[in-house]
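Chains as they are written, first to last, in UniProt numbering: chain A, 1 to 338; chain B, 1 to 78.
It should be emphasised that the hints constitute simulated quantities derived from the structure, not laboratory data. Everything numeric in this text was worked out from a predicted model, so none of it was measured. Heads up, none of these hints are tricks.
Pairs of lysine-lysine residues, derived as DSSO-like cross-links and limited to a Cα-Cα distance of at most 30 Å, are as follows:
1) K301/A to K36/B
2) K42/B to K158/A
3) K69/A to K192/A
4) K71/B to K42/B
5) K192/A to K13/B
6) K215/A to K13/B
7) K77/B to K203/A
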Amino acid sequence: MLELFTSLANWLTYDLMGLSPETKLGTSIHFFIEDTTKILFLLVVMIYVIALARASLNLERVRAYIQQKNRLVGYFFGSGFGAITPFCSCSSIPLFLGFTSAGIPLGITMAFLFTSPIINEVAVIMLWSLLGWKFTLAYIVIGMAVGIVGGMILDSIKGERWLKDFAAKAYQNAATEARNHTDNPEMPEAPKLTFQERHQFAKDELKEILGRIWKWVLIGVGLGAALHGFVPDGWFAENLGSGQWWSVPAAVLAGLPLYSNATGVIPVMESLIVKGLPVGTTLAFCMSTVAASFPEFIMLKQVMSFRLLAIIFVILLANFMVVGWVINAISPWLFSGF
Amino acid sequence: MKRFEVLGTGCKKCVTTAESIERVAQELGESIEVVKVTDPAKIMEYQVMSTPAVAVDGTVVHSGSIPDHAKIVSWLKA
Numbered sequence: 001m002l003e004l005f006t007s008l009a010n011w012l013t014y015d016l017m018g019l020s021p022e023t024k025l026g027t028s029i030h031f032f033i034e035d036t037t038k039i040l041f042l043l044v045v046m047i048y049v050i051a052l053a054r055a056s057l058n059l060e061r062v063r064a065y066i067q068q069k070n071r072l073v074g075y076f077f078g079s080g081f082g083a084i085t086p087f088c089s090c091s092s093i094p095l096f097l098g099f100t101s102a103g104i105p106l107g108i109t110m111a112f113l114f115t116s117p118i119i120n121e122v123a124v125i126m127l128w129s130l131l132g133w134k135f136t137l138a139y140i141v142i143g144m145a146v147g148i149v150g151g152m153i154l155d156s157i158k159g160e161r162w163l164k165d166f167a168a169k170a171y172q173n174a175a176t177e178a179r180n181h182t183d184n185p186e187m188p189e190a191p192k193l194t195f196q197e198r199h200q201f202a203k204d205e206l207k208e209i210l211g212r213i214w215k216w217v218l219i220g221v222g223l224g225a226a227l228h229g230f231v232p233d234g235w236f237a238e239n240l241g242s243g244q245w246w247s248v249p250a251a252v253l254a255g256l257p258l259y260s261n262a263t264g265v266i267p268v269m270e271s272l273i274v275k276g277l278p279v280g281t282t283l284a285f286c287m288s289t290v291a292a293s294f295p296e297f298i299m300l301k302q303v304m305s306f307r308l309l310a311i312i313f314v315i316l317l318a319n320f321m322v323v324g325w326v327i328n329a330i331s332p333w334l335f336s337g338f
Numbered sequence: 001m002k003r004f005e006v007l008g009t010g011c012k013k014c015v016t017t018a019e020s021i022e023r024v025a026q027e028l029g030e031s032i033e034v035v036k037v038t039d040p041a042k043i044m045e046y047q048v049m050s051t052p053a054v055a056v057d058g059t060v061v062h063s064g065s066i067p068d069h070a071k072i073v074s075w076l077k078a
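With the rest of the complex left out, here is chain B (with noise of 0.2 Å):
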């Protein structure tokens, strides 16, 4: 089962961005797991400087924005 995890201090772009990996996975009926990262020292560890930003299983794969549909699918498929 894939780890999303969803960085970012907590603001509202973030919580768009875990909603809308969260309902993309449901449509592909994917099962994973999404947790959210709002510890500043966690987001660092990853060298995130611009937020919300996803990691898959511990690695970085996009940041700075909320992702779109085609990118979570790409994410999923993987």
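Next comes chain A alone, as it looks inside the complex (with noise of 0.2 Å):
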């Protein structure tokens, strides 16, 4: 069915404009129109089912989940509903203190906030539908890792002692509480609700969402075009060479300043890819972009002291590049044919 697009696109470019494919503008311009209309179109056609499902899920019910798991199983519980939680950057300082208020480790917490921005119903299926299903399941499993190796970290150098007074304060008593009281928290009930309210619910979240995206859309497949249309295949193979160890850390570095969500990098990504960048390395500039964002840094300021701050950085700058190291070094097996 999504040849649709292929189709529409060739009309578009080929017949309408007049261009010809076998120029760098034609091959550019199909790529444009191609993407942005089979993204556009899979994005409110998902994210209103996805959004008719999880009507339901609200963080209370989160947090109960998470607060109920043992250690272990709560770094994966913490991303993985970080990677399934709608929530918008705004709101990540109020979670944050829910979250250890209620008592949750400051790792879990992390891991949380760490996967949140990397993995959305966004990201997933755009990354889908261009590079592929092996692909998508690659990245969700280094994504949720990233969150729970983060917050692992964070909870072995007991990161917790260097949050601010207010919310030290609140994390102790709640874990003073649940020493007293050994019996699992409550678990709030899902609210009831009809189709209608969650119809209502997910053309909200649609509209919403869409109204965020579309311009990174946009911007992602032009800039994704553009590579596609204008850099030769195998140029960065040839230029950057092929997975030298040093290019893992300049991709991270190189993204830092780059601050973009998930939907404006991923179309870049396949670009890249596709033009000779390694795996590994295109991963971590994506990962780096994504995840490590000074605004959201900035925000966090306000619950952390400093040096906090730094060393989560550290932490995440760190974890990055391994994944770009591993995956260099294990993708000649992983995407064989890719």
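Take each chain as given, in its own frame, and dock them per the hints.
Structure representation (structure tokens):
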């Protein structure tokens, strides 16, 4: 069914505009039309369907789920819920405090916050349609691993020492309370929703998410299209070397000042890989752009000391580099035929 | 006089929420007080996790989105 969008792009680019598929401009415009129409269509359908399903999932319930688990499972759940829970970055401080004041360890809360910008339904849909399911799956595993490992490291060095006083106190109180009550906290009941209410929720979600990301889709696909048409195949492999160790830290550093969400980076990623940038290097670049964002860090300053922020920053960057190196090392058999 | 607190760390949605409460109050001719609460410690005390949230006279009545017209009217009439 998705061939429809290729035909549409063929018709618009080659017939209506009269461009030749042999020219750089022709390929770029074809790529742009095909990908924007396809992605926007998929997004509209999928965001609506997913929102229908999660209309009754609220943060209070998510928190109760995470609270019930033991430590190890907690990191996994923290990261997993970070991936599927819709939440806007302006809510990260209340969310952080809500988790902390419920006695959830800092590392588990941060596993949630690390994974959240990397994995969301929009990113998954775009990856799937541009790069296929194998790559999507690898991306999800890596995104969760970055959150889980980051959280574990934070707890192992007792990061909560460097929380701001009021947050540290709230965490202490909750921890003492939890020791006195060994039974699991009560699970808040799921709100019972009629289909009409679910539909309303999904419609609002769709409007909100699409309103926020449509320009990122255009910018991202636009950049991807330009790379696609104007950079010769294999250019990166020839000019940046094929997977030298230093290309990974270079990619992480290059991604830092670029602040984008996953939506804007994924179409660029596709073009980078096609043009011969190693998969691990590309992923490191993408994660660095998406997850280590200065606006987010400045917000977290309200609840953490500068020292803790700096530590988190270094942990994240180190994680991205490890991801890049590991994937570069194993990608020949992981993505054979890719 | 009712006291409305809009809880949120200062994003655009919180501003919109405060504005719409003021506007609806004006439409209905109710005189109220609207305060924006941006202090994270205060928001934590209210146990709110998704913003914007609204508290009327110290009780949280809404959280996680910009409240619609009907909801605001119901708080003003209550």
